[in-house]
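Colleague: These are the residues of each chain, in order.
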Amino acid sequence: MNEMIKMVVVLTILASVSGGLLAAVRNGTEAQIENQQLEFVKGPAIKMILDGSSNDPIADRFKIMHQNTEKSFFVGRFDGKANVIAFEGAGKGYGGDIGIMVGVNIDEDKIIGAAVTTHSETPGLGATAKDDPGFVSQFKNLSITESIKVTNDGGKINAMSGATITSRAVCAGVTDAMDIYQNLKPQLTEKIKAFNQ
Amino acid sequence: MPKTITQEFTKGLWEELPPFRLVLGLCPVLGVTTTMENGIGMGLATTFVLLGSNFFVSIFRNIIPAKVRIACFIIIIASFVIVVELLMQAYAYKLFLKLGVFIPLIVVNCIVLGRAEAFASKNKIPHSVADALGIGIGFTLSLGALGALREILGKGTVTVWETWMFNLSSIFPSFQPFDFMVQAPGAFVALGLMLCVLNVIGD
Chain A
1 MNEMIKMVVV LTILASVSGG LLAAVRNGTE AQIENQQLEF VKGPAIKMIL DGSSNDPIAD
61 RFKIMHQNTE KSFFVGRFDG KANVIAFEGA GKGYGGDIGI MVGVNIDEDK IIGAAVTTHS
121 ETPGLGATAK DDPGFVSQFK NLSITESIKV TNDGGKINAM SGATITSRAV CAGVTDAMDI
181 YQNLKPQLTE KIKAFNQ
Chain B
1001 MPKTITQEFT KGLWEELPPF RLVLGLCPVL GVTTTMENGI GMGLATTFVL LGSNFFVSIF
1061 RNIIPAKVRI ACFIIIIASF VIVVELLMQA YAYKLFLKLG VFIPLIVVNC IVLGRAEAFA
1121 SKNKIPHSVA DALGIGIGFT LSLGALGALR EILGKGTVTV WETWMFNLSS IFPSFQPFDF
1181 MVQAPGAFVA LGLMLCVLNV IGD
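Just so you know, the protein sequences line up as chains A and B, in that order.
Sequential numbering of the first sequence, starting at 1, is according to the numbering used here.
Sequential numbering of the second sequence, starting at 1001, is according to the numbering used here.
Since the hints were made in silico from the structure, they are not lab data.
Keep in mind it's a predicted model, so treat the numbers as computed, not measured.
Misleading hints may appear alongside valid ones.
[Claimed, not checked] One side of the interface only, derived from the structure: several residues of chain A facing chain B at Cβ under 8 Å:
| id | residue |
| --- | --- |
| 1 | Lys6 |
| 2 | Met7 |
| 3 | Ser18 |
| 4 | Gln36 |
From the three backbone atoms N, C-alpha and C, an ideal C-beta is built for every residue, glycine too.
Could you build the full structure based on these sequences and the hints that come with them?
Modeller: Right, dumping it as structure tokens:
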């Protein structure tokens, strides 16, 4: 009996101490990790979508709570007016979640561009979604109310050959982003106003 | 006769050199050594985990009940692996992108658990730290050497932290990169060749 108690006590203490330590390290590195992700993963995608904007979209960002998670929105200024926001949606791919950054023109409710950020798809097949701009360029100029699907499912997007699951996941990611956009539209318009003053 | 601290340290560099003499922990050895940088990065991450786990396992060696020792070791090891993963994401993001899933897999690297079970749980703290440093540095050097061999045969170049680059074709203009060596089967061939060379030297 004594040994039993000792085992429980030792394991409990070890587990709680390591839990506390990990929470501390996580808190300490959170901001730095976010910066690194912005620089290496999201940054290039945002720059591609908001090509030609006169501001720095990574510096002009704000956050809104959506379904208990904080979402980041990046503002792009074109022709002197801040009217484009870029943000991330997610779809379930072949090898895990695929993050997809979508830029939306808030005045016209139109997609101006999309780019894959984080993914774990097969190199040469699904990973083409990130490497080849041809596939994601199909999302350009779609209206937010259109249903975004691959041609096999009755939509407009031509799937990448050999990567139907990834193509569907990217479409689902863009649809997810559009849902977020429609849910948050009033708050987004409000926030964007502040950038135009 | 108990070994001295220096002997515990140096045994990891030759006698018990992990991938080549013990032939342990081969999964990351084969997986990440496509370039020298990746190999060294992976080796350093493993060394950090090994150092932390050996140190704490040795501190708690008299408190940990024998029946749940493996569970206790794994808690300690897993904590250090997550710390490494977070630190790497925060300060070496490019390396993190390249090493990917191999970092969380250090948890099940048999070298780390093996040293905790076979050494740190039976020896004093200074000896355990010396053992971890020796094995860790040996592992890092082995991965670096294997990575350099594969990189030079497969790509014809060796890059060090993106600033200094050695190009083989500047010495042998007729050298053609041997793509096979940076792919997975090439890892087995390169490892086999290095094992062969080290066995010849060892004898």
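Colleague: Now tell me, hint by hint, if it's right for this structure.
Modeller: Taking the hints in turn, this is what the structure says about them:
Against a cut-off of 8 Å between C-beta atoms, the interface hint on Lys6/A holds, since the closest Cβ of chain B lies about 5 Å away. At a threshold of 8 Å, the smallest CB-CB gap from Met7/A to chain B is about 5 Å, leaving the interface hint in force. Given hint, Ser18/A at the interface with chain B, holds; its Cβ is 4 Å from that chain's nearest Cβ, closer than 8 Å. Given hint, Gln36/A at the interface with chain B, holds; its Cβ is 4 Å from that chain's nearest Cβ, closer than 8 Å.
Violated hints: none; the structure is consistent with every hint.
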